[in-house]
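As given, the protein sequences belong to chains A and B, one line each in that order.
Quick note: the first sequence uses this note's numbering, first residue 1, plus one each step.
Quick note: the second sequence uses this note's numbering, first residue 1001, plus one each step.
Think of the hints as simulated: they come from the structure by calculation, not from any bench.
Be a bit skeptical, because a hint or two may be false.
[As the list claims (entries may be wrong)] Quick look at which bits of chain B chain A covers, simulated, 3 or more residues with Cβ under 8 Å:
#1 1108–1117
#2 1190–1196
#3 1312–1321
#4 1377–1386
#5 1410–1416
#6 1421–1431
#7 1445–1455
Computed from a prediction, not measured in an experiment: that's the story for all the values here.
Cβ atoms here follow ideal geometry from the backbone N, Cα and C, with glycine treated the same way.
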Amino acid sequence: MPSDRIFGLICLITAVAYIAAATQIQTNLFSGEFLPKLFPLMIGGVAAICSLSILFKPDPDPAWPGPATWGAMAIAVLVLALYAVFLTPLGFLLPTALAAGILSYQISPRVRPAILSGLGLSLGLFLLFKYALGLGNIVAYRIPTGEKLWDAFTILIPFVGH
Amino acid sequence: MDILANLAIGFGVALSPYTLFLAICGCFLGTIIGALPGLGPSNGVAILIPITFTLGLDATSALVLMTSVYYGAMYGGRISSILLNIPGDEPALMTTLDGYPMAKQGRAGDALVLSGVASFVGALLATIGLMLLAPTLARVAFYFGPAEYFALYLLAFCTLGGMASNNQAKAALAACIGLGIAMIGVDSSSGLPRLTGGNLHLYDGIDFLVAIVGLFAIAEVFFFIESHGKGSSIGVKLEKVTIPWKDIMATKWTMLRASGVGFIAGILPGAGASLGSFLAYMTEKSIAGPNGGFGTGAPKGIAAPEAGNNSAAGGALVPMLTLGVPGSGTTAVLLALLMTLNITPGPTLFTERADVVWGLIASLLIANFVLLLMNVPMVKIFVKILMVPAWVLLPGVTMISFVGIYSLSGSYFDLLLMIGFGVLGYFLRKLDVPTVPVILGILLGGNMEDALRRAMTLSDGDPMYLFSSPIAIGFWIAAIAGFVAPMFLRGLLKKPAAHED
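Taking the hints into account, I'd like the entire structure generated from these sequences.
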């Protein structure tokens, strides 16, 4: 019950914000005053009605995981985000080995298989992409500089990054 | 004899050694994708699209490869259903009901071969149906104006939402999320940005591939972390595989009936393969009566959902190719592929790009035979692949997704967005909000708005124009009925519970 009420409330706020943003859409002579706003306003309206319905007629709660699992998932999100920004400056091999190994450990917490699958996946996929599929430009290996690494890292810090 | 002449063109395209090789690769990959639990067809095709794109394949080759993967995944879904009692994809859910009990009786080989043959019959009949029906429908679709198209898109969202969730409000909300995301970006008529919040990265809009891979593949990682990959690689042992002629002959009428039911379910915009296998199973169950042994490992209970599922997969291509409205989650992803290749599905596709359409149909026929050969004698290879543990599989899939999306634009922004969609997908699925309408919304949002705008321009802003033709009114009525009916039929359409160990 509470999950759906919270979800409904979040969606309602988002829908109202969406409608507010839709009324502010810039228009010019080519598009006319009304047409660029019409469909977004309709979507926001339907979404608001649906949110209200979820808010007042909630379904039973799903089985949420325990705190340990939430922690594991948060780490996974963090690892993936770091992987996303370091893929460019560091190249494919090192970030993939680390990210795949950590993900593997989160799914099945045993150290040796996790290290092995990290190394194996990194090397195996590198060979597959570079030699079998010819995508060498994407999975190149790069030697990073400290400056580039910091640049990549700042992307993840709000208001500092690009 | 138009069809035969067209087919000849198609086979001319599809029978070149290179295309044939691609079809075989696609079938093999597809069967693996379908068989691995947690890597369904829509997911698998979505990950492969950017990679195919980077390989620089031309439109026909890419289409042949991807549709072979699509058909292959529909075949493969049954393998884990039967051996592990875990459906490889959603439509394969009904196959677990009789497939797993039969495998536990020591007849796993028989169940796999029988379901393979049923898949073949369903897919073959559906491909023939597609050949006969699609050109006719394409001719009808010439008369559709913007009002009709707007109503048709609405119909797709309503029927899809009606089937996909237990809560209509959540299904409709999911569609709104998708449509709302589709509005982000530079507006085509004014050239001004809409709803971007001033973020330059959003001026191009959000690529649907990013959303698809995030919602399906990345979200799956979180589900596996939650379950710690339990129950993924234990199951029934497979002994010697022989062909159970007796069962195949005994279920021939079942297969034919189920193919018919599945094909019709597949054609309905938004309904798709899950509905096909469900209806086929329930029809056969009621024909057989309480003494039919359904649910305890009856051969008919395996043949019916598999024929229905594969036939619906073919049927779902009909509205996708002729109207540009996909009939299921996976055809939505195939539609994304067509759009990426700059092919606009719709009635003109059949006249202007006949080589693409008929090449596609011919390669579906070829893929079907390849799949039958692959899935009956070589089924043991796929069973071996099924034993890949989740802690290798999921990180691998994630890394391939990252490389695929990275190859699209080479920007970290898309990757971060994909992770965001993954988190969103986890919460949506936890809360029983279907994710397929979100995808469909992102894909069709632009077209739907276009139809609405053209209708409004033509009628000078009169909303009644949307209901001005009998076809449009028919679509509106069907849309409302499709949305409301499941509320009342929910008790009747209750899915049978899966077999417990």
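Within the stretch 1377–1386 of chain B, is the number of residues with a Cβ closer than 8 Å to a Cβ of chain A three or more?
violated (count 0)
Three-residue Cβ test at 8 Å for the coverage of the stretch 1190–1196 of chain B by chain A:
holds (count 6)
Stated coverage of the stretch 1421–1431 of chain B by chain A [criterion: 3+ residues, CB within 8 Å]:
Answer holds; 6 residues pass the 8 Å Cβ test.
Would you say the stretch 1410–1416 of chain B counts as covered by chain A, given the rule of at least 3 residues with C-beta under 8 Å?
holds (count 4)
Under 8 Å between beta-carbons, do enough residues of the stretch 1108–1117 of chain B, three at least, approach chain A for the coverage claim to hold?
Check failed, 0 qualifying residues.
Mind checking, does the stretch 1445–1455 of chain B have 3 or more residues with a CB under 8 Å from chain A?
holds (count 4)
When I compare C-beta atoms, does the stretch 1312–1321 of chain B have three or more residues closer than 8 Å to chain A?
Violated: only 0 residues of the stretch 1312–1321 of chain B have a Cβ under 8 Å from chain A.
In summary, the structure is inconsistent with hints 1, 3, 4 from the numbered list given earlier, while agreeing with the others.
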